[in-house]
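Asks: Which chain is which? The protein sequence lines are A and B, in order.
Start counting the first sequence at 1; every next residue gets the next number (the numbering used here).
Start counting the second sequence at 1001; every next residue gets the next number (the numbering used here).
Calculated from the structure, these hints are not laboratory results.
Just so you know, not all the hints are guaranteed correct.
What the hints assert, rightly or not - Not the full set, but computed from the structure, chain A residues with beta-carbon under 8 Å of chain B:
#, residue
1, Met1
2, Glu16
3, Gly34
4, Val125
5, Leu138
6, Ile158
7, Pro160
8, Gly162
9, Asp164
10, Leu179
11, Ile199
12, Arg232
13, Ala245
14, Phe252
Please read these numbers as outputs of a predicted model, since none were measured by experiment.
Just so it is clear, CB atoms sit at the ideal spot from N, CA and C, and this is done for glycine as well.
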Amino acid sequence: MRIVVLLKAVPVVGTEKMTGGWLLDRSAGLESNGNDEYVLEAGLKLVEAHGGELVTLTMGPSPATEAIRKALAMGAARAVQVVDEALAGSDALATGRVLAAALQRMEFDLALAGADTSDGQGGVVGAAVATRLGLPYLSYAAAIEPDPAAGTVRVRRISPTGYDVLEARMPALVAGTQLLGEPRYPSLRGIMQARSKQIATWSLADLGIDPASVGTPATWSAVLTATPPAQRAGATIVRDAPEAAVERIVEFLAARRLI
Amino acid sequence: MAGAIWAVCDMVDGLPTRHGRELATLTWALGRAASRPTASVLVGPGASAAADAIASHGPDVLAVDADPGERPIAAVTAERVAALIRERQPAYVLLGTSDDGRDTAGILQALLEWGALVNVSAVRWGDDGPVAEVSVFGGRLVTESRLTQDHGLIIVRPSAVAAEAAERPGGVERIDPAPGADLAPVRVVDRVGEASAAVSIEEATVIVAGGRGVGGPEGFGVVRDLADALGGAVGATRAVVDSGWIGYAHQIGQTGKSVKPQLYVAAGISGAIQHKVGMQTSGTIVAINKDPDAPIAEFADMMVVGDLFEILPRLTAAVRARRA
Chain A
1 MRIVVLLKAV
11 PVVGTEKMTG
21 GWLLDRSAGL
31 ESNGNDEYVL
41 EAGLKLVEAH
51 GGELVTLTMG
61 PSPATEAIRK
71 ALAMGAARAV
81 QVVDEALAGS
91 DALATGRVLA
101 AALQRMEFDL
111 ALAGADTSDG
121 QGGVVGAAVA
131 TRLGLPYLSY
141 AAAIEPDPAA
151 GTVRVRRISP
161 TGYDVLEARM
171 PALVAGTQLL
181 GEPRYPSLRG
191 IMQARSKQIA
201 TWSLADLGID
211 PASVGTPATW
221 SAVLTATPPA
231 QRAGATIVRD
241 APEAAVERIV
251 EFLAARRLI
Chain B
1001 MAGAIWAVCD
1011 MVDGLPTRHG
1021 RELATLTWAL
1031 GRAASRPTAS
1041 VLVGPGASAA
1051 ADAIASHGPD
1061 VLAVDADPGE
1071 RPIAAVTAER
1081 VAALIRERQP
1091 AYVLLGTSDD
1101 GRDTAGILQA
1111 LLEWGALVNV
1121 SAVRWGDDGP
1131 VAEVSVFGGR
1141 LVTESRLTQD
1151 HGLIIVRPSA
1161 VAAEAAERPG
1171 GVERIDPAPG
1181 ADLAPVRVVD
1191 RVGEASAAVS
1201 IEEATVIVAG
1211 GRGVGGPEGF
1221 GVVRDLADAL
1231 GGAVGATRAV
1241 VDSGWIGYAH
1251 QIGQTGKSVK
1261 PQLYVAAGIS
1271 GAIQHKVGMQ
1281 TSGTIVAINK
1291 DPDAPIAEFA
1301 DMMVVGDLFE
1311 ILPRLTAAVR
1321 ARRA
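Start from the sequences, fold in the hints, and give me the full structure.
Replies: Written out as structure tokens, the structure is:
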């Protein structure tokens, strides 16, 4: 099995900062996106079960390298990083375009992506990449079961009423969730081996993409204002014994017409 | 006439979701503010039958009775909506942040080369286009953004507005557009229903959620009882889902669902940032926790310091008595 995992490096949730130009500061402190680590783990298990190789694909500035090294330490064979100053400020549309162009230059049976990212929270890039490349798109995966002999993959997709079992021919793109299982910790041996693994860097020129079609100049979304949210008045603290506490909760909810 | 504003509304089991109804109401309000025509698009089995319900929210309805057969509904929806957008050229198309809504939006992005405002919690009509509010940075900032083009997708979270009937219903048009794309085939081999997923936490107006403080799977009994008494749904933190105490469908937070009920009761939940980002915009937040210093005290409206096993059953009884 040849697997490519789309891996995004994101700011640690709760520590995000903004740059002067209304952009998310990606200059330091990046880690692997949570949902991407779940699909990375699923991909590593598939390679262990079926043989083959797992490669990560990241679009992101040089501070993303730390997250990529961790993926290599977890077991990825090598990595591709699309780096270009012109990419700063790219929206979901441009990101989909760039990742599709990079993926087109790679050979794989399965491309795996997290269902969404904690920074953008769009959850649209996987579907867009698959559509651009004419790949079957199987999303919100709780389990991924390829059948290499048949050349097909089955995915258990979470649905509003339970789950669906989806099937498609490979190559295919699968967007996965936390239900794929907890990611492993890199072993000391893995960390040592990762040092000698290759991170290929590709520029927009390598991908044949016009820099004017990505980044801030091409974004469809312009920030007008950024303000702290309206603060709550501060919690009413209740320390009464249970009976009295419940009376106060009921009064509080009734005053707000919630019961 | 300036381009129309459309909503693509989800259906589950042939009925429009609450989220879908909210999008119709939001689209109606934007259309009024902008003096532009509006439409709600329904795609799927039963779209015609569901059309009148959606029409009551104001926009005209484009009902496409496409039978997905063995195909995912998002793919079928995206193909039909892409064809309709190309034919009728609306300016702005609102979709929901549901799994199917985001899948549909991603496919449309690639088919139409349309950009999007994503993860939007409110939309108003600005000087000459929609202005979207988005909660970013784990809720520490709220941005207002506009589209840089005169058209685009807007992907809206639940509870941006309350769904309400308009003064007059929209007209209903049944149509059967040819698919506007030829997506790679994906077959739905099986559709499996699970009782635990019966009440969608995104559709609920009241959520009672449990964290580590409930102690184990049995501990969710008192949480469930209160949720039932309040007519709400049961939520959970990632820690308890990871521990297998309750299913992932109930998980609220960074890698789970984002919710905005009118009332959020957090039982035995400390309020870590990963949970907070999924529920902090809830209307009223009541926390019950043994630890007065739990971070949730910083963003709750009422912080009850005590044992949830002593408080929840009494609260359930009090709510039931009040409703009786």
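Asks: Is the shortest C-beta separation between Asp164(A) and chain B less than 8 Å?
Replies: Since the shortest Cβ distance to chain B is 5 Å, the answer is holds.
Asks: Can the hint on Met1(A) be confirmed by a CB-to-CB distance to chain B that is less than 8 Å?
Replies: Because about 19 Å separates Met1(A) from the closest Cβ in chain B, which is outside the 8 Å limit, the hint is violated.
Asks: Restraint: Phe252(A) near chain B, CB-CB cut 8 Å. Satisfied or not?
Replies: Where the cut-off is 8 Å and the nearest Cβ of chain B is about 5 Å from Phe252(A), the hint holds.
Asks: Holds or violated: is there a CB of chain B closer than 8 Å to the CB of Ile199(A)?
Replies: violated, 26 Å
Asks: Does the CB of Ile158(A) sit less than 8 Å away from some CB of chain B?
Replies: Holds. Min distance 7 Å.
Asks: So, as I understand it, the hint says Glu16(A) touches chain B; can you test that by seeing if any CB pair is closer than 8 Å?
Replies: holds, 4 Å
Asks: Regarding the hint that Leu179(A) lies at the interface with chain B, is the smallest CB-CB distance below 8 Å?
Replies: With a closest approach of 5 Å, the Leu179(A) hint holds.
Asks: Can Ala245(A) be said to touch chain B, with a Cβ gap under 8 Å?
Replies: This interface hint holds because 5 Å falls under the 8 Å limit.
Asks: Could you check if Gly34(A) really has its C-beta closer than 8 Å to a C-beta on chain B?
Replies: holds, 5 Å
Asks: Using Cβ atoms only, decide whether Pro160(A) comes closer than 8 Å to chain B, and label the hint accordingly.
Replies: Hint holds; Pro160(A) Cβ to chain B Cβ min 5 Å, cut 8 Å.
Asks: So, as I understand it, the hint says Val125(A) touches chain B; can you test that by seeing if any CB pair is closer than 8 Å?
Replies: holds, 7 Å
Asks: Tell me if Leu138(A) is really an interface residue toward chain B, meaning its C-beta lies closer than 8 Å to one of theirs.
Replies: For Leu138(A), the interface hint holds, since the closest Cβ of chain B sits about 6 Å away, which is under 8 Å.
The earlier numbered hints that this structure contradicts are 1 and 11.
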